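With the hints as your guide, set chain P onto chain U.
Top line first, the protein sequences correspond to chains U and P. The opening residue of the first sequence carries number 1 in the numbering used here; numbering runs sequentially from there. The opening residue of the second sequence carries number 1 in the numbering used here; numbering runs sequentially from there.
By construction, these hints were calculated from the structure, which means they are not laboratory data. This structure is a prediction, so every number in the text was calculated from the model and none was measured. Where a beta carbon is used, it is the ideal one built from N, C-alpha and C, also for glycine. Hints may contain errors.
[Stated by the list, open to error] For each label pair, taking beta carbons as the anchor points, the in silico distance ranges come out as:
1) P:87 / U:205: 42 to 50 Å
2) P:189 / U:368: 47 to 55 Å
3) U:38 / P:53: 39 to 47 Å
4) P:253 / U:184: 50 to 58 Å
5) U:326 / P:189: 30 to 38 Å
6) P:263 / U:171: 40 to 48 Å
7) P:53 / U:226: 50 to 58 Å
8) P:78 / U:368: 28 to 36 Å
9) P:253 / U:226: 32 to 40 Å
10) U:202 / P:263: 17 to 25 Å
[Said to hold, decoys possible] A few chain U positions that, by computed beta-carbon distances, are all more than 12 Å from chain P:
11) 75
12) 81
13) 115
14) 205
15) 251
16) 287
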Amino acid sequence: MSTKVFSLILLPTLQCNADCDYCFEVKTNDRLSLERLQELIDKVLDHLVEQDIAGLMIHWQGGEAMTLPPSWFARAQALIAAAAAARGRIVTHGLQTNMIGYSPKWNPVIREMFDNSVSTSLDYPNLYRRRRGQDAADYNAVWTRNVRLARAAGIEVGVIAVPNAATLELGAERFYSHFVDDLGIRSFQVNTPFPGGESNQAKGLLPTGSAALIGFYIDLAEVWLTRGERDGVRVGPFDELLAYFSGTPTVLPCIWTDDCANHILCIDARGHVAQCDCWVTSYPDYRFGNIFECASLSELLAASAVVERFHQRPMALVARDCIACDYLALCHGGCPVRAFSVHGTLFEKDPHCALYQALFGHLASAAAREARASAART
Amino acid sequence: MSHQTAIPPGDYPDQTVFSIPAALFQACPDRRVILRTADPAAARTLLGPAVPARVLFLQVTDLTADLGPLVHWGEGLDIDLLMADPASELPLLYRCTGLLDRHPVRVTIALLPGVARAVKLAVSLGFAVRLAGHQASPALLAELREALAGYLHNPTVAQPVEPFHGLLLAFLHDTPVDLWSLLERDPAAVLILDDQGQAAPDQGPACVTAWREGLVAAGAECRDCPWLAPCGAYFKWPRPDTDCTGVKSLFAELHAAAAELRAGLAAFAASRG
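Okay, chain U solo, but in the shape it has when bound (with noise of 0.2 Å):
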């Protein structure tokens, strides 16, 4: 059997207690009964079982994950192991939250189904994350009340932060202090923006491709690596990036794969299966099929039109300019979804090309420089 792990984004409601004005997802009321839980998971298990796939990691997402109880996740988890023991397979649970609807009582599931540990968001300074009717100081407040109320209950919380304009005025130094210093977050994770979905002005003032995106996360990598790798701080993409010109074994962010499409797929409440979370919610002309509708998900793939599409996005640049590129190996054109909201087209590089390319030297650079460092030290 291959010791491959398939990942699977799992949307179970679509429901959110926020109304962020950057979100790439249509939301709606739907939401996943554990009996449709079943059948999904019969299926992609068998999907597994057909592809001898080992492992299955599933990544519980919205919507807003929180807006199930935690009494249904309990009873999915042990939903899941049954079916997942009766394959001979392996499946393993990550939660994505905001943590504006997490309390105590949050923590068995926590503990039981997540390993200790969640990963939620937050920008810095906050411009675009707001409860319904609320403000941003308002979202600020009940998030940084909730995960400290998680922390002290021993809960690992690892946070993704999108930049935004007001964060590249404020620079790296004070983005990196704020979330370190001030929030005590050890684990971190900065993803590039992209306006998916249905524009809106929040989602056309976002840096895509400009100048002082690059500059902000060059800096950013120079105060992680010089501060935060010392302290076993870890802050995503530098770590990972790190490690692989490091010759140390690591697992990239999907932005950055040979083909997504080989490794991720994404089901949401109403059973439409594609690529990712912003795919499957925003973009229908480009969901590969419901798995409520299909006798098999392999099935489903296979005979998919889109997954196709998606084959051959790579195949199609890497005959352009990203043969060219020294990081063809770590990127192959980027992130799809990136690439369309953008350009409305599968058939783009990823908008932060310029960017990756110049982060993929930098942290090159600092591996050759840590080695010959240590090599001295030695």
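Relative to the frame of chain U, chain P by itself:
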């Protein structure tokens, strides 16, 4: 599979591996073989669920073939993907990555226009590479230099590219090597048989030692070449009057890289006392 007449072993030593069309598998019952096929599904059917140990690897000669039958079969069996036209077949490598979960996979890339780009993509996707061909035009030599630079200096390259890798290691450790063996073109080691079970006429000299010694005796460029031992007159096939200036520079670059690497390793060892 129909019964076939066994191929006579002829004068070939037992250790000679036969590279044969898959259809001739049963015609060489006692021989270690490399099987060539354009139809992976047929090869799978032919070999059955357990690949016989005498099959050293399977060479897929058509990159447009459905590779699905190989993905969940013959775990650990080495697979060699033949890229006959790198310029046009380059993107097809993306179709082959599923094999890497179960098999060591190498791409054999013809020394034709587009070879540098093909090498780059192959190693970027995690495939080992073997270059196939002998004499290169100036344009192709430029591509080889580009491929060598990528192999030596790009930090994302983690796969062997032959013959660069074997030569670098040999220069580094000062061990004997020759291109005929490295590139599996010595018929005493690997004999290529055609569809009729006959020695393929275009695989190179019948005896590489005789080929090399004949050129040296005739006063060819090889006689005074510093790279004769590792090259073995490989680049003089099939036209002995071909100018080797370009390939000599490749050898020199690899030799210099090995010297630099050796010096770095020595300095590191010295620093540790």
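Here is what the structure says about each hint:
no. : hint                      : result
1   : P:87 / U:205: 42 to 50 Å  : holds, 44 Å
2   : P:189 / U:368: 47 to 55 Å : violated, 39 Å
3   : U:38 / P:53: 39 to 47 Å   : holds, 44 Å
4   : P:253 / U:184: 50 to 58 Å : holds, 52 Å
5   : U:326 / P:189: 30 to 38 Å : holds, 36 Å
6   : P:263 / U:171: 40 to 48 Å : holds, 42 Å
7   : P:53 / U:226: 50 to 58 Å  : holds, 55 Å
8   : P:78 / U:368: 28 to 36 Å  : holds, 33 Å
9   : P:253 / U:226: 32 to 40 Å : holds, 37 Å
10  : U:202 / P:263: 17 to 25 Å : violated, 56 Å
11  : 75                        : holds, 33 Å
12  : 81                        : holds, 25 Å
13  : 115                       : holds, 26 Å
14  : 205                       : holds, 34 Å
15  : 251                       : holds, 15 Å
16  : 287                       : holds, 22 Å
Of the hints listed earlier, those the structure fails to meet are numbers 2 and 10, in rising order.
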